[in-house]
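Line order of the protein sequences matches chains U and R. Under the working numbering, think of the first position of the first sequence as 497, with each following residue one higher. Under the working numbering, think of the first position of the second sequence as 1487, with each following residue one higher.
Simulated from the structure, these hints should not be mistaken for laboratory data. Hints are supplied without guarantee of correctness; some may be wrong.
Said to hold, decoys possible - Facing chain U, from chain R, some residues (calculated, C-beta under 10 Å):
id, residue
1, Thr1570
2, Phe1572
3, Arg1575
4, Gln1598
5, Leu1650
6, Ala1748
7, Leu1758
In this text, all values refer to a predicted model and were calculated from it rather than measured experimentally. Yeah, the Cβ is synthetic: ideal placement off N, Cα and C, and Gly gets one too.
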Amino acid sequence: MGHNAAIFYIITLLVYGGVDALACLGLSIQFGVAGVTNFGFIIFQAAGAYAAGVLSMPGDSANGGFQSYIAGLDLPFPLPWIGAAVVGGLLALPFTLLVGKRLRGDFAAVGLLVAAVMANLLVTNYRPLFNGSAGLSLVPAPLQDSFDPQSTGYQWGYCGAVILLAALVYYLLHRLTESPYGRTLRAMRDNDVVADSLGKNVLSLRLSMLVLGGAIAGLSGGILVGFINLWAPSGWGYAETVVLFAAVIIGGAGNHKGAILGAILVPLGFLEASRFIPPFGSPGLIPALQWVAIGLLIIGFIWFRPQGILPEKRRVNIGFVLPGPQRPERLPGSSTKVATLCRRCRVPPGPQPRLRGPGVRCFASTRVSPRFHPNTGTAR
Amino acid sequence: MSLLLSSISFGLITAAVLSIAAVGFTLQFAVTDVLNLAFGAVMIVSAYVAYAINSLGVSVWVGVVAAAMTGAVVSLALNRGVYTPFKRRGISPIAMVIVALGMTLILEFGLQAIVGADSVSYRLNQGPNIGLGSFRFSLVQLVILSLALVIMTAVHALLRYSRLGKAMRATAANPSLARNSGIRTDQVVTVTWAISGALCGIAGSIFAIDAGSFGATSTDLFLVLILAAVFLGGPGQAYGAMLGAAIIGLSTEVGAAYITPAYKDVIAFVLLLGMLALRPTGLLGNRT
Chain U
497 MGHNAAIFYI
507 ITLLVYGGVD
517 ALACLGLSIQ
527 FGVAGVTNFG
537 FIIFQAAGAY
547 AAGVLSMPGD
557 SANGGFQSYI
567 AGLDLPFPLP
577 WIGAAVVGGL
587 LALPFTLLVG
597 KRLRGDFAAV
607 GLLVAAVMAN
617 LLVTNYRPLF
627 NGSAGLSLVP
637 APLQDSFDPQ
647 STGYQWGYCG
657 AVILLAALVY
667 YLLHRLTESP
677 YGRTLRAMRD
687 NDVVADSLGK
697 NVLSLRLSML
707 VLGGAIAGLS
717 GGILVGFINL
727 WAPSGWGYAE
737 TVVLFAAVII
747 GGAGNHKGAI
757 LGAILVPLGF
767 LEASRFIPPF
777 GSPGLIPALQ
787 WVAIGLLIIG
797 FIWFRPQGIL
807 PEKRRVNIGF
817 VLPGPQRPER
827 LPGSSTKVAT
837 LCRRCRVPPG
847 PQPRLRGPGV
857 RCFASTRVSP
867 RFHPNTGTAR
Chain R
1487 MSLLLSSISF
1497 GLITAAVLSI
1507 AAVGFTLQFA
1517 VTDVLNLAFG
1527 AVMIVSAYVA
1537 YAINSLGVSV
1547 WVGVVAAAMT
1557 GAVVSLALNR
1567 GVYTPFKRRG
1577 ISPIAMVIVA
1587 LGMTLILEFG
1597 LQAIVGADSV
1607 SYRLNQGPNI
1617 GLGSFRFSLV
1627 QLVILSLALV
1637 IMTAVHALLR
1647 YSRLGKAMRA
1657 TAANPSLARN
1667 SGIRTDQVVT
1677 VTWAISGALC
1687 GIAGSIFAID
1697 AGSFGATSTD
1707 LFLVLILAAV
1717 FLGGPGQAYG
1727 AMLGAAIIGL
1737 STEVGAAYIT
1747 PAYKDVIAFV
1757 LLLGMLALRP
1767 TGLLGNRT
């Protein structure tokens, strides 16, 4: 029994870690890469969890009708998870109003934060939607008709599926971030006015990121609710978003590996560390101190190491100025700086004799900074 | 009809508490460009200081004075110790909001670690009910209303007729121009944080009086109302915040009477989001 309990504990840790990693990846592409500060991130995860719940549960007259909720479609396995991602993505659409270029980024962030508080209030008070403050319980585990959800094999399978999905999402986001589209997103994050003036549709880019991050968050919620089988408003207060932000900032905003590291360190690490602290003080003391610690970590990291543990990759864009009448007399930056960059910057392999003769100058720019500072209009 | 009247009288009380808080919040934003989301946390810390004094057997109104001083001290420390150093590093407004959220967690849950998770109430006598025309207020409610009126008049006088108020308006409009014109903007910012912090402390303690019982996280939802009032009137606009507070206070309480109390804050939320989406500069702000 002790052995089984240990295995169950490890599986639970891995599933939670995978779910947190998914959520942090969604926030990493929104906040770290595109600079969309979604303080309402948790409502997307919650929406996914509720969607997966009511899609997989039977009608609300089941089990004596002690819960009331909408839908109750009793759909087979992959559909609730897909539905969770779709609902998470669609939920982003109303927030189009907040992410246009007219609204300051911090005002939009406050709007989203308030939306998160209000969504929680609504779901808590309006019982017919998702059973009010008691929340949904007895949410079926995926494929529970074919397998025994209590068996170790099933649980290892669940855990494997979560980690596989997290790895897949990581790979997709990595490809997206390295693509020209990712470069556009970073340009928008670093200076949205410049991106706008270069003809990039800032509203559409931000909305796409809200939808993509929302879908990932929704999926993470759907996976979580399939594992823990219940979901209630007390589990998704606005402060949970702050935990995810702490994870992304500590791991390294703009670096998806950092987001995963942050997910392991902050939500998972904190949850688990508190299990091993011998209980002291009044019952609520340790959770309260945990929140204080998260606040201190956020402020400490923004002050001492704003780039996080794993900083965003420094991106060097190399260009060449060929000799000729159109050659500028002075390159931006002092000549010594160009020289040092010239030694370090790597010219792509292959025969390029024309690019290495006298009169050819190589310049490199490290425009994209490791720190997050949209709206300042400067690169540091 | 009596339902309407009683809901309006509740709305007036909410608006009174809200106006003090919203003016404090908007003044901080005006002179430092910081959306101080830790405002609600400072409110509740001040309310607990008033509680500590009240539980010694001293009148709660002495506690309100102590809360005002606490709010001023904590706000000054917050600006000096956290926001100004971060500003000097040139961090973005977004990162500043994240820092403010971090401070909210530290203050609120630091307080909860000390006082525990149980709700507490002040010991005070509501006093006799007094009829004012068709309205009926308790004595305490009348004190809250008149306190708000006095404070709004004082803020108006400060901003309009004093050198300090002129310097504050100049600093809010253009800090570098104000500095070049010989205004000591650092001092103006410090004084503004002290004044707005005192307003925050007063708002916190009378919020606690009005709410009856309160805990360390009670102001989370009230912060939403403050934000709604501030954004409705236009961020940084003191008169806008007063107007916004009146609209939010009355509409939420009248709405509570006719719809259902559980959703009264949703009205504030809808007004806030609508304002952000349609006119981010607020009712009294300049069009940009």
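Checked hints:
1. The interface hint given for R/Thr1570 is violated, since its Cβ lies 13 Å from the closest Cβ of chain U, which is over the 10 Å cut-off.
2. Given hint, R/Phe1572 at the interface with chain U, holds; its Cβ is 7 Å from that chain's nearest Cβ, closer than 10 Å.
3. The beta carbon of R/Arg1575 comes within 8 Å of a beta carbon in chain U, closer than 10 Å, and the hint placing it at the interface holds.
4. For R/Gln1598, the shortest C-beta to C-beta distance to chain U is roughly 4 Å, which falls under 10 Å, so the interface hint holds.
5. With 10 Å as the threshold, the beta carbon of R/Leu1650 stays out of range of chain U, its nearest partner Cβ sitting at about 27 Å, so the hint is violated.
6. Among the interface hints, the one on R/Ala1748 holds; its C-beta lies about 4 Å from the nearest C-beta in chain U, closer than the 10 Å criterion.
7. Taking 10 Å as the C-beta cut-off, the interface hint given for R/Leu1758 holds, the closest approach to chain U being about 6 Å.
This entry does not satisfy hints 1, 5, going by the numbered hints stated previously.
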